[in-house]
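*Asks:* Letter by letter, the chains look like this.
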Amino acid sequence: MWAYLGRRLLLTVPVLLGVATLVFALIHFIPGDPARAILGDVASETDIAQLRQQLGLDRPLAAQYVAFLGGLVRADLGTSLRTGTPVAGEILERLPATFELASAAILVALAFAIPLGIVAAVWRGTMVDHTAMTLSLAGVSMPNFWLGPLLAIVFGVELGWLPVSGRGGIDHLVLPAVSLGAALAAVLARMTRASLVDQLREPYTQAARARGVSRTRAVLRHAFRNSLIPLVTLAGLQVGAVLTGAVITETIFAWPGVGRLLVQSIGFRDYPMVQGCILLIAVTYVGVNLVVDLLYVVLDPRIRYQ
Amino acid sequence: MRHAGAFIVGLAVLAAVIGPWLVPFDPSAQELALRLEGPGRLHWLGLDELGRDILARLMSGARVSLFVGVIVVSVSASIGALMGSLAGYYGGIVDEVISRVIDILLAFPGLLLAIALVAVLGPSLINVALALSLIGWVGYARVVRAQVLQAREFEYVAAARAIGAATPRILIRHVLPAALPALTVQATLGMGGAILSEAALSFLGLGVQPPTPSWGAMLNYGRAHVLDAPHLTVFPGLAIALVVLGLNLLGDSLRDKLGGAESG
Chain A
49 MWAYLGRRLL LTVPVLLGVA TLVFALIHFI PGDPARAILG DVASETDIAQ LRQQLGLDRP
109 LAAQYVAFLG GLVRADLGTS LRTGTPVAGE ILERLPATFE LASAAILVAL AFAIPLGIVA
169 AVWRGTMVDH TAMTLSLAGV SMPNFWLGPL LAIVFGVELG WLPVSGRGGI DHLVLPAVSL
229 GAALAAVLAR MTRASLVDQL REPYTQAARA RGVSRTRAVL RHAFRNSLIP LVTLAGLQVG
289 AVLTGAVITE TIFAWPGVGR LLVQSIGFRD YPMVQGCILL IAVTYVGVNL VVDLLYVVLD
349 PRIRYQ
Chain B
19 MRHAGAFIVG LAVLAAVIGP WLVPFDPSAQ ELALRLEGPG RLHWLGLDEL GRDILARLMS
79 GARVSLFVGV IVVSVSASIG ALMGSLAGYY GGIVDEVISR VIDILLAFPG LLLAIALVAV
139 LGPSLINVAL ALSLIGWVGY ARVVRAQVLQ AREFEYVAAA RAIGAATPRI LIRHVLPAAL
199 PALTVQATLG MGGAILSEAA LSFLGLGVQP PTPSWGAMLN YGRAHVLDAP HLTVFPGLAI
259 ALVVLGLNLL GDSLRDKLGG AESG
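In order, the protein sequences belong to chains A and B. So for the first sequence, this note's numbering puts the first residue at 49; every next one is plus one. So for the second sequence, this note's numbering puts the first residue at 19; every next one is plus one.
Isolated chain A, as found in the complex (with noise of 0.2 Å):
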């Protein structure tokens, strides 16, 4: 187990060095000159020169580098062109917003899916069934850019229940969590399905039922409980479709996060802030995958002896 767990988080170094390379070399991509492209073709050549040399673009490109990494190790990710203040603390401030709202469309999204996988399941083949799967493949193709908008219109405007904008009581984070969380609960209700209708096949759930357990205990206590396995898997995996969602979800809803900071960032041009929150939201999504990938030699035991 524990050579597993060692070469899996060695496995991590070299994703993140890429992350980190790739998110290095993002500012490099931006045609031409990234100090003119920033500041614009009305800015002087004293104001390119300062801000080239604020961003270490006038230094070769393997000390830019090399700072770079340096400055990752030590938290700095450097200086918000727009505010002038360190781009990790302002993303720090605006990262439990997004854990909010992230945890809360996951906990909407399996509060959804499980009881909709388990019916489908259960009744595989029928009315029931066929409902079920629609609703969830019409979930996975809505965009939540969509239903936002449209649940703000409902729920919010027509209807006057919930708040539309902004982050406070937990009636705020309603739309903004539903809106986030339903592709994924459709994702997971079909993943949740498909897994228990495998076991519900298997014989050790026949040979429940024929001892005389009910059919509830046998569906909820004996096979729904392995087919949790894939499930934990794909939620993990789906963890980082929820962090770009947000990215949506918090520019619709006003939701001050990291995601509403990178779209506003991008607006003023303010690369070292799109840098950071690119940077956060991928290594977020690195480690819950590593996360995810221990927690499953902990729920499946034979994975260790692989």
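No wet-lab data here; the hints were simulated from the structure. In this text, a Cβ means the ideal position worked out from N, Cα and C, and glycines have one as well. Some clues are possibly wrong.
[To be verified] Over the 10 Å line for every Cβ pair with chain A, so calculated as not near, a few chain B residues:
no. : residue
1   : G56
2   : L60
3   : R170
4   : L276
[As the list claims (entries may be wrong)] Derived CB-CB ranges, DEER-like:
no. : chain 1 : residue 1 : chain 2 : residue 2 : range
5   : B       : S92       : A       : L155      : 34 to 42 Å
6   : A       : R84       : B       : E114      : 20 to 28 Å
7   : A       : Y52       : B       : A24       : 26 to 34 Å
8   : B       : G109      : A       : L65       : 17 to 25 Å
9   : A       : L343      : B       : H21       : 38 to 46 Å
[To be verified] Rough simulated footprint, nothing fancy, chain B against chain A, three-plus residues with beta-carbon under 8 Å:
no. : region
10  : 291 to 304
11  : 307 to 319
Mind docking chain B on chain A? Use the hints.
*Replies:* For chain B alone, kept in the frame of chain A given last:
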């Protein structure tokens, strides 16, 4: 249900190809006096914030969406097929290098990297297609690599090698056809993803620039009028959801028929 996907996709293609000629309004023509007017007899889906016919813009927007979808899928599938074939067929260091690049690209949520790339390259239709292709090939490469790993062990491939066929010929004539069903499924599902991503980027103001109509951009402008003109939001979103649903249904039925890649 089985043919619903093909029907919806066919309808979208038809709308993109002949739709703009069926609607008697120019997608850019403005009737400012009627701006934000709701659906009616003359303008079936109403008018937008500049008094432009929404149905005409949806038809033109279908061209943008399908264009991006086709370009992204073609480029991604070509790069992915090449990389996947090389990795799977040669193995060793070639496989190791390509697989590590794939790992790194997979470490980014796809749309996030596209947002980053378009943010630095500048918002335009070409840059959107470029960014989505640069990310999209990874999925195809994984599918093709897995198929090629199996196919290279087939006897007819060994026979082709034994009679001295060149590697490109073996790959193109004998190995890649084995990966084609899985590639087709991946491409159908990938097209839905590409259309959704283009719409998301346009929604964020990073995609197609005005006055070119794009479903995502239409949704973005509709946000400012959610209170007074919800039809600006409802119809473009419905168009996106329907086309993506159609492609997902088509992909699912192709998967059932041909077997192959899992979505995502």
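*Asks:* A separate judgement is required for each hint: does it hold in the structure or not?
*Replies:* Tested hints:
The non-interface label for G56 of chain B is consistent with chain A: the shortest C-beta to C-beta separation is roughly 14 Å, beyond 10 Å. Under the 10 Å C-beta cut-off, the non-interface status given to L60 of chain B relative to chain A holds; the minimum distance is some 25 Å. With 10 Å as the threshold on Cβ separation, the claim that R170 of chain B sits away from chain A holds: the shortest Cβ distance comes to roughly 24 Å. For L276 of chain B, the non-interface assignment is confirmed: its Cβ lies about 18 Å from the closest Cβ of chain A, beyond the 10 Å cut-off.
Here the CB-CB span from S92 of chain B to L155 of chain A is close to 39 Å, well matched to the stated 34 to 42 Å. A C-beta distance of roughly 40 Å is found between R84 of chain A and E114 of chain B, which places it outside the suggested range of 20 to 28 Å. Remark: the range hint 26 to 34 Å for Y52 of chain A to A24 of chain B is contradicted by a beta-carbon distance near 45 Å. The hinted window of 17 to 25 Å between G109 of chain B and L65 of chain A holds, with their beta carbons roughly 24 Å apart.
Range check, L343 of chain A to H21 of chain B: about 41 Å between beta-carbon atoms, so the 38 to 46 Å window is met. Requiring three or more residues with a Cβ within less than 8 Å of a Cβ of chain B, the coverage given for the region 291 to 304 of chain A holds, as 6 such residues are present. Counting residues of the region 307 to 319 of chain A whose C-beta lies closer than 8 Å to any C-beta of chain B gives 5; at least three are required, and the coverage claim holds.
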